[in-house]
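Student: Residues per chain are reported as follows:
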Amino acid sequence: MGFGWSLPQRRPTPHWMRIAAGGAALLLSSMSLAQQVDLGQTVAMNGTAAGVAACVACHGMKGEGDMVGGFPRIAGLSRSYLEAQLNAYAHGQRQSFLMTTPARLLTPQERSAVAAYFSRLPPYLPPQPIAIDESAQPSDVGPWLANRGRWNQNLPACAQCHGATGLGVGAAFPALTGQAASYIALQLHQWQEGKRPSGPMGLMSLVAGKLSDNDIAAVAAYYGGPDSGIQQTVAGVRK
Amino acid sequence: MKRLFSNGLSLGLVLLALLAVDAVRAQTHAAPAATQKNTVVAFQAPDESAMPDGDYGRAVKLGEQIFLHTQLHAGAYVGNNLNCASCHLDAGRKANASPFAAAYVVYPAYRSKNGHVNTFAERLQECFRYSMNGKMPAPGDPVLVALESYAAWLAKGAPVGGEIAGRGFPKLAKPALPADYLRGSQVYLQSCALCHGANGEGQLSDGKMAFPALWGKQSFNWGAGMHSVDNAAGFIKANMPLALGNSLTDQQAWDVALFVDSHERPQDPRFTGSAEQTRLKYHDSPYSMYGTVLNGHVLGAQP
Chain R
20 MGFGWSLPQR
30 RPTPHWMRIA
40 AGGAALLLSS
50 MSLAQQVDLG
60 QTVAMNGTAA
70 GVAACVACHG
80 MKGEGDMVGG
90 FPRIAGLSRS
100 YLEAQLNAYA
110 HGQRQSFLMT
120 TPARLLTPQE
130 RSAVAAYFSR
140 LPPYLPPQPI
150 AIDESAQPSD
160 VGPWLANRGR
170 WNQNLPACAQ
180 CHGATGLGVG
190 AAFPALTGQA
200 ASYIALQLHQ
210 WQEGKRPSGP
220 MGLMSLVAGK
230 LSDNDIAAVA
240 AYYGGPDSGI
250 QQTVAGVRK
Chain P
100 MKRLFSNGLS
110 LGLVLLALLA
120 VDAVRAQTHA
130 APAATQKNTV
140 VAFQAPDESA
150 MPDGDYGRAV
160 KLGEQIFLHT
170 QLHAGAYVGN
180 NLNCASCHLD
190 AGRKANASPF
200 AAAYVVYPAY
210 RSKNGHVNTF
220 AERLQECFRY
230 SMNGKMPAPG
240 DPVLVALESY
250 AAWLAKGAPV
260 GGEIAGRGFP
270 KLAKPALPAD
280 YLRGSQVYLQ
290 SCALCHGANG
300 EGQLSDGKMA
310 FPALWGKQSF
320 NWGAGMHSVD
330 NAAGFIKANM
340 PLALGNSLTD
350 QQAWDVALFV
360 DSHERPQDPR
370 FTGSAEQTRL
380 KYHDSPYSMY
390 GTVLNGHVLG
400 AQP
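Protein sequence lines, in the order shown, are assigned to chains R and P.
Each number in the numbering used here comes from the position in the first sequence (counting from 1) with 19 added on.
Each number in the numbering used here comes from the position in the second sequence (counting from 1) with 99 added on.
Simulated from the structure, these hints should not be mistaken for lab results.
Just so it is clear, CB atoms sit at the ideal spot from N, CA and C, and this is done for glycine as well.
Please note that a few of the clues may not be correct.
What the hints assert, rightly or not - Short, incomplete list of chain R residues facing chain P, as computed with Cβ under 8 Å:
hint, residue
1, Gln28
2, Ala53
3, Val56
4, Asp57
5, Thr61
6, Phe116
7, Ser158
8, Gly187
9, Pro219
10, Leu222
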């Protein structure tokens, strides 16, 4: 009848997570963090001799992105997230007309260093932070999906993993607030189409697969703000 | 026998485990055992857009918002950073995540946890006392009125006294292998730590809880239903990782539930002064790790 269990009576060797133990980390281990950030800053501001343009040309001097052009803000996102994205571009798992070439031309060390640099810049905060609208109805597709999800499809709310105000959670769940609506929409479509790695535990491909085009436009507009011309941009990007 | 308790638990605990009954689950209804079983009925709570206006509607809405943002709207009664919706997913609507309507229709009910017939409001008080590690709102407190209004509205049209499909958490069959802390720790690192943190501490966003703490000071206390491994295993199996419910095997759910529920958390408010006595009095169940020994530390006897 007993429910058996077993508890260790001596402390086991812990199996803690190894967060960023890639080859680049090994190569970089001879550089101090400050040196890595310096290298990253040089790449970000000036590009490289191999032909990589300065990151800030598109992503803004402070990594704040460009809402009109749909270039994502990268300031203050986690180093592990940014480095993973650059590696995914370089290896073709994340597809981008603009990012594939520069990511390939960067060495693994430079990718890691530039991720370190941007991760240390203060996160860009939108002038009007997202306020949770408690009167939203399911017919208000953007705010409803963002804050409540659609659980009859097992679709969690965006806010459950990206934070109530969309400012992101920890290293793995980047901020949505402050990104251009066109960028958010494009990412969701790319997850649907397998053009971007599915993210931790495959969550983003799973989530995006439950969204209609209309859902995507609405939720992108919710986080990207009303002025980002989502309808036109999404249509433009997709055709 | 030996295999069941392979890792050196004391004989006392083995006896406790054998003698114990599942005392944690609410014993709803005094129906003669195993004869009249209620038919399970499917039920769908009304759509948000059908929420009424007027004073009652405002109470319903407040109840919903308390459910979603508990600290914000009922902070005086909350001692951790959880929300009701941390466990009762989809604002208390989701089946197999203790949906609110399904609970509402089975009260008043006798509960072995406190040995008397509880009204629904009293059951809500206990959520604050244990799961929220806080203080019980007094009877008639606007917080209780709002929560009860929300529950009643969600349950509109549900059979009074009926057994609604998906009530509570699913009851998993006993695991093939005894639940194991070490295996559970592996499942935890693989499937849970991304969100809940390597030390179960949860994660914040913009200063507010994003992923709830599973143990430690900001989590539910030792009196909460979720501290019981069977409840946690059922919840985890059906709902975790978020959006990936039913992806773990039953065995993994049992193992990781044991792991999570074998960590220190806020004291049971009924603490008698001794973990041993408190276990005998309130946690005499094989599913409670309270008062058991882990790495030489008695769980519940905080340093």
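Student: Hint by hint, say whether it matches the structure.
Tutor: Results of checking the hints against the structure:
1. A cut of 8 Å between beta carbons decides the hint on glutamine 28(R): the least distance to chain P is about 5 Å, and the hint holds.
2. Because the beta carbon of alanine 53(R) sits about 27 Å from the nearest beta carbon in chain P, more than 8 Å, this interface hint is broken.
3. With a cut of 8 Å, the hint placing valine 56(R) at the interface with chain P is violated, because the nearest CB-to-CB distance is about 25 Å.
4. About 30 Å separates the beta-carbon of aspartate 57(R) from the nearest beta-carbon of chain P, more than 8 Å, and the hint is not met.
5. Residue-level restraint check for threonine 61(R) is violated (minimum Cβ-Cβ distance to chain P is 32 Å; threshold 8 Å).
6. Nearest Cβ of chain P to the Cβ of phenylalanine 116(R): about 30 Å, over the 8 Å cut. The hint is violated.
7. Among the interface hints, the one on serine 158(R) holds; its C-beta lies about 7 Å from the nearest C-beta in chain P, closer than the 8 Å criterion.
8. For glycine 187(R), the interface hint holds, the least distance from its beta-carbon to any beta-carbon of chain P being 6 Å, beneath 8 Å.
9. Taken as an interface hint, proline 219(R) checks out: its beta carbon lies about 5 Å from the nearest beta carbon of chain P, inside 8 Å.
10. Because the beta carbon of leucine 222(R) sits about 6 Å from the nearest beta carbon in chain P, less than 8 Å, this interface hint is met.
Checked against the numbered hints above, the structure violates hints 2, 3, 4, 5, 6; every other hint is satisfied.
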